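As they're listed, the protein sequences go chains A and B.
Numbers given in our numbering equal positions in the first sequence, counted from 1, plus 85.
Numbers given in our numbering equal positions in the second sequence, counted from 1, plus 12.
Please note: incorrect hints may appear among the correct ones.
Claimed, not checked - What the simulated footprint calls covered on chain B by chain A, stretch by stretch (three residues with Cβ under 8 Å from a Cβ of chain A suffice, anywhere in the stretch; the number is not a length):
{"id": "1", "segment": "125-137"}
{"id": "2", "segment": "239-248"}
{"id": "3", "segment": "317-328"}
{"id": "4", "segment": "442-449"}
Treat the hints as calculated values from the structure; they're not laboratory data.
Keep in mind that this is a model prediction, so the values were computed, not measured.
Using N, Cα and C, we set each Cβ at its ideal position, and we do this for glycine too.
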Amino acid sequence: MTRQRYLFCYLMVAPALVLVVALGLYPMLASIRMSFLQYDLMLIPTQGTPFVGLRNYQTLLANPNFVQALVNTLAFVLVAVGGVVTLGLLVAQILSREFRGRGTIRTLVLISWFIPPVVAAGIWIWMFQPERSPINEILRGLGLMHSDIRFLTNSDWTLGPLSIPFFAISVVRIWSGLPFVITFSMAGLQSIPGEVYEAAEMDGAGSVQRFFYVTLPMLRPVLTVLITLLAIGGIGHFELNYIMTGGGPKGLTNILAVMAYQFAYSQYRFDLAAATSNIILVLTGIIGFLYVRQQIRER
Amino acid sequence: MAQRISRRDFCRLTGTLAAGTILAGCAQPTQAPAAPQPAAATAPTAAAAPASGATAAPADAAAAFKAKRFPGTKISFWTQSYGDSTVWQRDYLEAMAAEFKKESDVDIEFQIVPWANANQTWLTVAQGGAAPDGADMYWLYSNAAIGGGKYGPMQMDEYRNTLFADLWDRNVEGPMKDGIWQGKFYGPVWRGDIRPMLYRTDLLEAEGLKKGPDTWEEVTAMAKQLTKRDKDGNVTQWGFTFSNALPLQQMLPWLWQAGGEYMTADGKTATIDTPEMRQTLQWMFDLIHTHKVTPPDLMEKSFNADELFQAGKIAIMGQVSNNVGVTLERDFPQLTGKWDMQIPCKGAKTRASYFGAGYLAPLYGTKNPEAVARWIEFLTRDANMQKVIEYTGYVTPNKSVMASPYWTDRPWKKVAGDTMQYAHPSQHPSPAWTTMVANDAGAVIFDLFYNTLVKKNSIEDEIKTAQQRAQGAMDKIKLP
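In isolation and in its complexed conformation, chain B is listed as follows:
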C-alpha cells in the first residue's frame, strides 16, 4: 500500500491550484450590481437648495415621517472611537440605540473603526468593500468621488426637507457645508475640530507678556522674546510653533490667514502660484531658519509639540485642536493656571482656523436607507447632540450645544466657541485635495512645504513645480 503522495500527484495538485488561482486573479473584476437606491429616490428629488436656504416641509409631513416605525429592521453602523472604545460603545452608542429602538423598532449593530485604520477603511468602503448601512465619517468629497455614486457615502437629499428640515436653523451654516457635495446633502456634520491658539501663561508672564500674539508681526516679536538658549547655544525654550497637528494641518491655516487658497472655489484650478503662498512660506521660513524661534523638526513624524508644551519647552502654539483643553485639564493638573487659549491671530488678510468635520451618512448598498436616515436624525437632535459632545469633548455646529454650559463654563471653552466663526473647512472642492495634502512625501502640498521649510529649496522654484503638479492632480477629476 502506498504511504506517500507521489511527485506526480503532488505536481498535479499544485498545478491545478496554481492554474485556478491565476485564472481567478486574471479574471475581470465582477461589476457589483447597482446599489439599491433609497425608496424616495424614485420620487421627485428636492431641489439642491443651499444649506441655509432649505425650505421647511409641512410640519405634519415631517412628523409623519418621524413617526414611521420599522419593525424587525436591523442596521449596521460604524463609527470611529472617541476615547475608550468599550466605554464609547457601552455608555453612549448602546444607550442611544436603546432609546432609538423605543420610537422606531430599529436595532442597531455597532462596529468601532480604530482611528489608525479609519482612512483605509473608508477608502475600501468607497471602492466597493464591505460597508455598513450607515456611518460616522469624514472627507466626504474624496470618498464620494471615488465611490462614483455606486459605493461609499450615499446622498440623502430626499430627506433634506422632511427629516432634516430644521437642521439648518439649529446649526451654524459654514461647518455644515462639509456634509454637502455638489449640491447634494449627504448628512449632517455633527462634530468639528476647531483650532484656537494655546500659550503658556507662566512663560509669557516671565517676559512681562499678558496674552498671546494677535498678528503675524506680534508672533515674530514674541517668539524672539520667548526663545531661550543655554550657554552652548542649545534652545531650551522655543518661542513659537505653528500647531500640534499633522504637518499640513499646521501649515495651511497660515496660508488662509494670508488670504490664500490652494485651489479655486470650483475645484478646477490650482492656485498655488500666488503672492499669498510666497508670503506665507517666507514668513514661516523666517521663523524657523532666520530668527530660529520655531523648531526646525516640526514636519517630522517624531516631533511632538504637545510634549514640549507640557514640559514648558514651547511657549506658544499657533493653533491646537480644541480638545487639547480637555486633555490638559484632565491629565495635567500641575499645569492648572499655566496655560490659556485665544482666537487665532490675524494674518496679512484675515483670521482663519483649521476646521475638520465629521458627518453622519448612509452608505450605498444599504437596504434600509429610511431607517438609517431616521437614526441619523435621532442622533442629531439637540438633546442627543448635547450628550455626544459632552462625551467626546468636540465642538459642533449645533448652536444649542455650543451655547450650553458645557461649552461656556471656562474661558478657554468660550474661546473655542468664538474660534468657530473663523472656521475654514479642511475639505476642498476638488476630490483630489486629500491626495494633495496627505502628510507624506510625494503629496504635492506636503512636498512644497517640506522642500522649502525643511530642505530650504528655493520658494520660487518649488511653487512653480507644485502649481504644475497640483493642476495635474486636479485635472484627473472632471467636475461638472
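This is chain A alone, in the form it adopts within the complex:
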C-alpha cells in the first residue's frame, strides 16, 4: 500500500519533473558543457567541437565589451530593482487606503502587467523618439529645455555605467515591473494586523515612523522574496534592452543576455554565448544561494 502511494506521488510530480528536466535542467547542463567546447558554427564542418577548457571564459574576460555588459547588467539590476521596489511600496501604501475610485486606480496601475514586453518596447520607443516625443514636446512647451533629449541615443553624458539611455530603459523596466511589486506588496500589507498600527499610533508613532518601524519590518519576508525574484529576473533580462537599443549606443545599455544573443545569432559563436549565459547562471545562483542561506538561518 505504501509503495502504491509512493508510486502515485511520483506519477503526480512526474509531468512537472519531466518538464523541468527537459526544458530547464538539460539545456542548462548542455549549455555548461558547450561553454567548454569550441562551438563556432563556421568551424564545425572542418574542426568539429573540440574541448577547449576555460578558453571561452578567458576570451570573454579579455573583451572590454563583455566587462561593460557585465557592469551594466549589475547596474540595471540595482537601479531597476531599487526603483521598482521603492515606487511599488509607495503606490501599494496608497492603494491600500480606502478612498473613492480605488478600484479603478488599482486596475489602471496593473495595466502594464498585461502589455507584452515587445509591445511595451514599441510604445516607449515612440515616446522616446526625439523628434516626435511627447515628453520632449511637454518639456519644450514648459520652457524647461531648448533642445530635444535623445533618450535612447545620447552618449555624450556618462557616469560609470550611467547614461541617458541607461536611465530611459530603467524607467521602462521599472514601469513594466511595477504591477508585480504592487500586487506582492499589497498582499503583504493586508497581512499586517491593524492592531499593530493602532498600538504604534498609541505610542505616538507618526506615519513615517509607522512605515519604518512597523510596515517595513513586517513586510521583510515578502520583500526578501520579491527582491530575490526581481534580481534573478533582472540579471537575465533581455527583451526591453534588445528591442529598444540592441545594447547601444556605444554599448551603454548592453547587458549579458543581449550579448549572449549577439554572440550566438550574429557571430555564430555558440561557445561564447554559452559562456556568457553561464555567467548569468552563476550570478543568479549566488543570489539564490544567499536567499536560501538566509531562509535557513531564520528558521
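Keeping the supplied structure of chain A fixed, place chain B upon it in accordance with the hints.
Relative to chain A, chain B alone:
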C-alpha cells in the same frame, strides 16, 4: 501507513534524475545518418555551367520530367510571411498548392516562419535541426557552408538542365547568382529587394530643386541646402540619410559605389584596407559630423528613418527598399505627389544598389527531392511569379514580371525596375560574410563603421584593425 515520501527516497529519485541528465548532456552528439540524396544525384551530374550558359535539355526530356506525377506524396514547405500571414497562406500559398496538386498529385503542408525568427530558424536548420522538405530562404552561402553538405539547403544541379532549363532565359542573370554556391545550383531566386533613392519632392521644390542628387558631390551640396535648424540650433529637417535599412545595409552600397568591396571575388582575402574604404568612410563622416546634414543616430536601433521621412523631417534617403513605394501609396495618401524615386546616385566609380534575394530550395533530409523540385519549378513559372510578385510587392529577376504593367504602371516602379541593373548582391563569396556584416556590436564591419562614424575613432586605425579581424573570420573557412 506512510503518508510522505521519505528524504531518502526523494534524494534517490533526484539523484537518479540528475545523473541521467548529466550523462545525457555529456554524451557525444549522435551523428545524424547521412541525408538521403536525390535520386538523380547518383546519375552523372550535369556540369556546373555558369548560370547563363546552361544548355537546354531536349524539350521532350524536360516535358517528361514535368509530366511525372507523385500520387500519395506530401511535402512540407516553410516560408517567411509576406504581409498578413493568414492571408498569405490562405490566399496565395494554398491556392497555388491546389493548382499544383492537379498536375502532380502532391500535397503541400505549409509553415510560416516569422521574419523575427527567420535567421535563427535557418541557422538551426543548417545545423541539423528540424527541417522541411523545401523552403523559401535567403543567405545561401552561409547556410550551405554551415550545413556542410549534410543539412540546410540542398543543391539540385541535376534538375538544372531539365526542370529549370529555361530559367536562365526568363530571368536576369545577376540576381540569380544568389541561388548558386560554388558552381552548384541550389534554387531559383524569386524575389529581390532593390534600393532606389527616395526623396520628398515638396521639400526639394521649396529649395528650387527638381530632382534628387546624381553624384556624391550633389548629395553633399543638396543635403546642406535642405538641412534646416531652429533658432536654438536644433535640426528640424535633415537633408540626407543613407537609407532606411539596417545599419550595414545602409552603409555598404556607398562602398560599392566608390568601387570598393570588402573581400575578393574568391572569398579568400579581406579587402578592407583600401583607398575606396577610406574614401567612403570619410565622405560619410563628413556628412554626419563635418557638415552635420545627416542624423548622427543613424546606426542606432531606435533610429527610424521612415518615420522621419513621412513626417517631412528627412528630405532624401539615399537607398530604400522598393516596397517602401507600396507602403507610401497604401498607408500615406496624404503624401501623394510629395515623394518620388530615382536610380541610386553615382559614387566615385559607379552606381550600385543593395540587392537582397530570396530563393526556393529543397533541404537535406527530404525524401521527395523530385517532388520538391517540381513544386519549385511550378512556383517560378512566369504566370505564377506574376501572382506572387503582385501579392508581395517585391521586385524579381523574372523579366516577364518586371516588364508587366504591375512593375511599369507608375514612374517610381519603373525606377525600381531600372535600379535592378545596378544591383549588387548582398551575399559575398566567403560564407563568413553574414557574421562580418551582422548588425550588432562585435561584427567586424559593423564595428568599423560604428567606431568611425559614431565613436569618431581614427579611420586609419579602425581600417587596420578591421582588415585583420576580417581576414581572421574568412580564414576560418577553407574554400576550394
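Original post:
Which of the listed hints are not met by the structure?
Top reply: none
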